Amino acid sequence: MATIEASGLCKRYGARNALDGLTFTADAGEVIGLLGPNGAGKTTAIRLLTTILEPTGGTFTVAGFPGDQPHQIRQRIGVLPESAGYPARQSGAEYLRYAARLFGQSRRDAQAAAERLLADVGLSERAGARISTYSRGMKQRLGIARALVNEPAVVFLDEPTLGLDPAGQSEILATIADVARRRGATVVLSTHTLTEVERVCDSLLILDRGKLRAAGPIAEIVGGAGSLSTAFLHLTGQDSHD
Amino acid sequence: MTSWNVVATQESRDLWIGGRGPVLIFGYSILLSAITYLAATNRAMNFLEQREAVNLMVQVALAVGVLLTVAISADTISGERERGTLEALLLTPAPRRAIVIGKLAAAATIWLACLIVAIPYLWVLGRGVSGAGQAAVLTLVVGTLVAVGLGGLGMIFSAWSNSNRTSLASGLLLLLVLFAPTQLPALPKTGFGQLLTRINPIGSALHYISQVLVARRSWTQDLDYLISPLVIAVAAVGALLIAAPRLVRLTAGTR
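Residue numbers (UniProt numbering), protein chains in the order written: chain A, 1 to 242; chain B, 1 to 255.
Just so you know, the hints here were simulated from the structure itself, not pulled from any lab data. What you are looking at is a predicted structure, and each value in this text was computed from that prediction instead of being measured. A virtual CB, placed ideally from N, CA and C, is assigned to each residue, including glycine. One or more hints might be untrue.
[Claimed, not checked] Listed next, the stretches of chain B that the computed footprint assigns to chain A, with coverage defined by at least 3 CB atoms under 8 Å from CB atoms of chain A: (1) 14-21; (2) 34-41.
[As the list claims (entries may be wrong)] Part of the chain A face toward chain B, derived, beta carbon under 10 Å: (3) Ile52; (4) Pro87; (5) Ala88; (6) Arg97; (7) Ala99; (8) Ala147; (9) Arg183; (10) Ile218; (11) Val222.
Chain A on its own, in the form it takes in the complex:
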């Protein structure tokens, strides 16, 4: 069953097309990669689907709710925004409890959810420490925990491994795979990194300058190109720069 359906989704800023006619579907339990160079429209696509921005054209449904019901959509999604900020003075546990309370959970449920999620992302021992003392990797894991606080049907992760060392990246990717496998959630993973896509994604959307260049299973997109890297460079026109 499709948990995301986008049809002709557009976003214009004046004369500039940030996103131009994005059409795709994603199923429950699927990890779908959103790949593209800087300025391709990945973050815009995520902000439209998460109801942070209003589209200038097209329609979409997320978790069974149409785009004109943002309140219902937000109840059913979890998001790790690009370059997410964290309140430096709150502890990790307090941050998650607050998020859970905003999703309507009782104090007791919010406390239980915070403890469970901190354990899931390996932050139990630092639960009471201020977020300002966390490393970048710990903050990213906390952000993923926050995205799961409402047991979402669809999870959007915007460049979750940005700035992490290889060990940190590996941990985050394992968490992402686990979210899709164990929770049955659809995961939309926006990234620059092709190896990440090959490691955890089932299918792929390649965007370039706001336009969808390719969509489908990775093997299909690679086709006769030999590797995802070659296919990506060809589809985004970057192979002609050499």
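Using the hints provided, position chain B relative to the given structure of chain A.
Just chain B now, with coordinates in the frame of chain A:
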């Protein structure tokens, strides 16, 4: 617990536990201590009548309390934009109206703290003339109207701006414009001068308070001076409630 209450509780915790609240209130209490000392000294030398000393303290408490409320509320949305924490808040199902009301309620706690801190000073200056209790209640009623109204305007500036500095500067400029005429020594008591006093929520609030505390008029005699503080409070909160979905956005001015 409703969403606005959850937001207000967390914002208040952020302000008071490890935040700027205690430092600001500490500075404020030092200011009140200095003024109380000077007023009490002057009173001993018959420079300042006791009721005038209480009135002076109320005016300082109101002016500084409103200043701090505006400074806190001007940070509420633009500050979160700058720190990158607004998007996570907008991604929750909490209604935009609940977010603005929760944030305004949390900002108003600094005004209430200013009032509570001022009470002992009012008691010291008002001993013997039974003016301290009346002054405290008067400050609570009139000051809350002004603090909510101007705090609400500070929040609107915050929603309109992507920069914390811009919203703070706009809020402080507004306060300066409203406060400066109250310090003019020879503002005419009729015609244009009185109009200026009446349309200025700070000027009319301070005038009303001095009429009750110093001129010993009853609370109901000059109630029309409370029209502009009441209008600014209702208008600011109303505008926030009505326009919240358009004001509380990831970036000011874009959809």
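> Which hint numbers does the structure go against, in order from smallest to largest?
Replying inline: Violated: hints 2, 9, 10 and 11.
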